[in-house]
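Residue-level listing of the chains:
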Amino acid sequence: DQQVKQNSPSLSVQEGRISILNCDYTNSMFDYFLWYKKYPAEGPTFLISISSIKDKNEDGRFTVFLNKSAKHLSLHIVPSQPGDSAVYFCAASMYSGGGADGLTFGKGTHLIIQP
Amino acid sequence: DGGITQSPKYLFRKEGQNVTLSCEQNLNHDAMYWYRQDPGQGLRLIYYSQIVNDFQKGDIAEGYSVSREKKESFPLTVTSAQKNPTAFYLCASSIFQVQGARRGYTFGSGTRLTVV
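Those protein sequences? They're chains A and B, same order as listed. Each residue of the first sequence is one higher than the last, beginning at 1 in my numbering. Each residue of the second sequence is one higher than the last, beginning at 1001 in my numbering.
Be careful, since some hints might not be right.
Claimed, not checked - Pairs of lysine to aspartate or glutamate residues, derived as EDC-like cross-links and limited to a Cα-Cα distance of at most 20 Å, are as follows:
1) A:Lys-68 / A:Glu-15
2) A:Lys-38 / B:Asp-1030
3) A:Lys-56 / A:Asp-31
4) A:Lys-107 / B:Asp-1059
Claimed, not checked - Covered by chain B, according to a simulated footprint, are these stretches of chain A (three or more residues, beta-carbon under 8 Å):
5) 36-44
6) 102-114
These aren't lab readings, by the way, just hints derived from the structure by calculation. No residue lacks a Cβ here, since even glycine has one placed at the ideal position from N, Cα and C.
Given the sequences, and given the hints that come with them, work out the whole structure.
Pasting the structure below:
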């Protein structure tokens, strides 16, 4: 059963416009969420994160919104640039008191920025 | 510069052979992880280690083994028991926090394993 879902396998956005990537989760114990960007044959690079005590976190062109009641988060990229073309993974973790560890990832969304 | 080094970048293995993937970090991170990525799939956790000489199974540990003899190193062995080993393998590390969520996950550049 997938606990982190990214329902859009791909998204095409025109350069300069806003890119909105969505992520849903089912486990209410998740309390920390991260977005990673990944190019082919490379490791993911960290973009931005948000704790469950917040509903918004902003870093330059990237903003993550968290709606806990809906178990939904989104990544906004404004303005979109050609270098943003990559696969974006949503990931979640929970405080486990030293028990189970690691991130739970969605399947990713391939963002394509068109000139 | 601090980071995680995975080697080799590409690896070919014959069916029935064991193979070990290397992962070294100089970030002084306590915790290390191995993930596997398949086409159209997210990253799935194989094994993780929070401290030296201790490790735990992740979601898909069958057919894999690990060791954590040093803080800096967390090698992954893909055994002949792994039914479908061809995949992209990623190593990661993070600073373990007792309070609150973990921070600072850093990933290596990955190893592409192909069984021939």
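Going down the list of hints, with the structure as the test:
1. A:Lys-68 / A:Glu-15: violated, 30 Å
2. A:Lys-38 / B:Asp-1030: violated, 24 Å
3. A:Lys-56 / A:Asp-31: holds, 14 Å
4. A:Lys-107 / B:Asp-1059: The hint holds at about 15 Å.
5. 36-44: Since 5 is at least three, the answer is holds.
6. 102-114: Holds: 7 residues of the segment 102-114 of chain A have a Cβ under 8 Å from chain B.
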